[in-house]
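From first to last, the protein sequence lines are chains C and B. Just so we're aligned: the first sequence equals residues 31 to 696 in our numbering. Just so we're aligned: the second sequence equals residues 3 to 249 in our numbering.
Check each hint, because a few of them may be wrong.
[Said to hold, decoys possible] Computed list of chain B residues with no C-beta within reach of chain C, every gap over 10 Å:
(1) D27
(2) I72
(3) N73
(4) E102
(5) T218
[Unchecked claim] The calculated lysine-lysine pairs, modelled on DSS-like cross-linking and capped at a C-alpha distance of 27 Å, are:
(6) C:K243 - B:K107
(7) B:K4 - C:K562
(8) C:K410 - B:K150
(9) B:K94 - C:K386
(10) C:K36 - C:K61
Just so you know, these hints were derived from the structure itself, not from any lab. For glycine and all other residues, C-beta sits at the position ideal for the given N, C-alpha and C.
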Amino acid sequence: MALDSKIPKGPISDKWTHYKDHINLVNPANKRNLDVIIVGTGLAGGSAAATLAELGYNVKAFCFQDSPRRAHSIAAQGGINAAKNYQGDGDSTFRLFYDTVKGGDYRAREANVHRLAEVSTNIIDQCVAQGVPFAREYGGLLDNRSFGGTLVSRTFYAKGQTGQQLLLGAYSAMNRQIGRGKIKMHNRHEMLDLVIVDGKARGIIARDLISGKIERHSAHAVVIASGGYGNVFFLSTNAMGSNVTAAWKIHKRGAFFANPCYTQIHPTCIPVSGDHQAKLTLMSESLRNDGRIWVPAKLEDAKLIREGKLKPTQLAEEDRDYYLERRYPAFGNLVPRDIASRAAKERCDAGFGVNKTGEAVYLDFAAAIERYGIDQARLKHLDENDKTLVIKLGTEIVANKYGNLFQMYEKIVDENPYSTPMMIYPAVHYTMGGTWVDYNLQTTIPGCFSIGESNFSDHGANRLGASALMQGLADGYFVLPYTIGDYLAPDIKKGKISTDTPEFDAAEQNVVDQISRLMNNGGTKPADYFHKKLGKIMWNKAGMSRNEQGLKEAQQEIAQIREEFYKDVKIPGTADSFNPELAKALRVADFLELGELFAKDALHRNESCGGHFREEFQTADGEAQRDDKNFAYVAAWEYKGNPSDAILHKEELVYDNVELVQRSYK
Amino acid sequence: MKLALKIWRQNNASSPGKMVDYTVDNIEPDMSFLEMLDILNDELIVKGEDTVAFDHDCREGICGMCSLFINGEAHGPDRLVTTCQLHMRKFKDGDTIYIEPFRAKAFPVIKDLVVDRSSFDRIQQSGGFISVNTSGNTIDANTIPIPKHDADKAFDAATCIGCGACVATCKNSSAMLFVSAKVSQFSLLPQGKVEAKERVLNMVNQMDAEGFGNCTNTGACEVECPKGISLENIARMNREYLKSSLI
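Could you build all of it, start to finish, from the sequences and the hints given here?
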């Protein structure tokens, strides 16, 4: 099957406008005869549900949490990009487009990224109209900050809780439609299969997590907005419940899975403290606006610090190695995430790590506190040579900007980050890969769409900071509502889709069989046992750096764990009741398949790009070495039973507007 | 650390529940409270017993899913944290810890420590929004300047995570702090003023219909709120409510 990305013809800046001018529309009277299922209610799913309902479609929304307000978009901290150019610092739609393509190491689809940049400004207008309380300057206008990989300030924010405020905005828009009866919300439901009738996605099988009941739901189209699959690593900054299940189920029904190996390892997370740990916590990239990253310059100092015999604050300036500023003078501490993460790993592998396990670097705010303190002292006509006063004033400014993050850090680590540098280390955060979609955000299954983090389309091999929120809301508020209308237009006479058909029977039976296989296997070990084992393999062999041998081993080992899992997983309780262990096991089962495909994808991509770093392919100074001649394509995998049998399809990436060069932030 | 746990077990909303004793050993002070419960549950699975059900998701204090009443306090003994941010260093070796669900008439128990907080959603559905269409055809975001002070206050109110600690803590099971946070956020912003009257009336009516109690100014909600939502918001909501009822 040849992949058709359906990119509209014409110059890049006209594609989206031209496309919108020529698509099929559904008139308002007909929209009420059309049902749309949306799985997942984060920024993408929530905004799509609200907008489609508002347009007149009947929306059935599903989330596994107890309320749409709890989707993991809520945890996004730093901000959302938009090419508003409010700062007058040279920003534009083209520059946001260019930065995103370059940031993605030239592995994203140009047309999608340009559209994203075009609608970015609408998002800010929309959210402000909804009452999202973005940070403002004293004049009452919106404030901006900078994020990695850009030379302008285009990030809008609400302290360190931007994701929360944007999600609550989408949630409130949903609530308005739920109240009007246009969205039927199904909380605490997990989608466990996709139903295809006559080649089109026509419904889902879902499990009510409270009663355990297996339910059939039909619609004229199905939208997957279930987020990313970072939890395949067990430890990540994702929520405990974040999973690949919905995306994986559609993959098994025919949706190609693209670039699974493109994973973002975020450089600034709180380091792992022990084996008991269930998840990792992010410290926003926005902290790199003011925090300086360093390790001791001398190995002996690093050793003393690890042993607790030396404090970081005792180290003189010349004994510190601000390695990002040293290696990348142009972007300094604000290099993109993949580069910052690898640089941290490089220093720690070389023995300069600063915590007990040697896997941490410092993120230091002392210089920022002093700088802000002096500013404030001058502003208030106070003595700028009074060190205590300066630190007090500077601390207030830093607390105002990042207070909640510092508090989070202090609660977890039990150290005060205002007076001693934070310790941070990279952790799995976001997945750029996901279900393959065309320009319409439609998967290879007609009528099945995928939006937000669950698709692959906009971030290439590495996502820039503050772009995930942008993409989620762009897809849901401004892109899908057009493209899905074009798809649904011929369906206006279809009428209600019956759930009483052989296709629904078969899909339900498939779910019932899998559950009974897991419940009745006579196993002995909790699902987490297998999940942790999988996570260790992923982190060690398919994590921040990968090589041929490790990836081959990973594939075999994961296949083995999967076999062992089905034989020996133990799920207490019953299937027809509230059973968190069963829900967990069903998710782990899918991770165990995805993990193997992930390794297979990483092994086949004989180059390094963005978050995918193959040790065999690097430049003399340790940077990622792309191979544009052989790998400038999207790897879209077709399911054929075992992950090892998956078939590769290629979507060649064509760059008409951006020149492919070695990505440099020096 | 070795700890004795007394945990509320209840099969479903209609069955009676009771406290059951458990012991956990080898708990590290750096573990989070929920990681301690993970360990207990893994042990229960190996023993062939049913696990203790509890709600949790983000485990970084922002989703509002976790909801435990620990030693008589919502989210436990620490301040300005959710249960998932509570660490075992706040307890001592040999302690006995009582773990119960967030109890309120409007929060029926689903199982063990998991409660149904959909009443909160219904309150939001009754008016917790600004009725703008999501078409993107709105005015430029910088057209209406908003004083930083108001924007910051609106933000502070908007940081409510909807966990329900305020309700669980209140002797009247009042949801006033939760409702007033949303009412305040919008009443402080020019965009929200257009519908301010209907909003506050509808939300308060729904709150009453769900069976939440009234506020008697005890202030316990503010103390236990993991996000430090201020009691000031309740005063603001009362003003809004009076203003809207009288005119």
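Do the hints match the structure? See the list:
no.: 1; hint: D27; result: holds, 13 Å
no.: 2; hint: I72; result: holds, 15 Å
no.: 3; hint: N73; result: holds, 18 Å
no.: 4; hint: E102; result: holds, 17 Å
no.: 5; hint: T218; result: holds, 28 Å
no.: 6; hint: C:K243 - B:K107; result: holds, 26 Å
no.: 7; hint: B:K4 - C:K562; result: holds, 24 Å
no.: 8; hint: C:K410 - B:K150; result: holds, 19 Å
no.: 9; hint: B:K94 - C:K386; result: holds, 24 Å
no.: 10; hint: C:K36 - C:K61; result: holds, 24 Å
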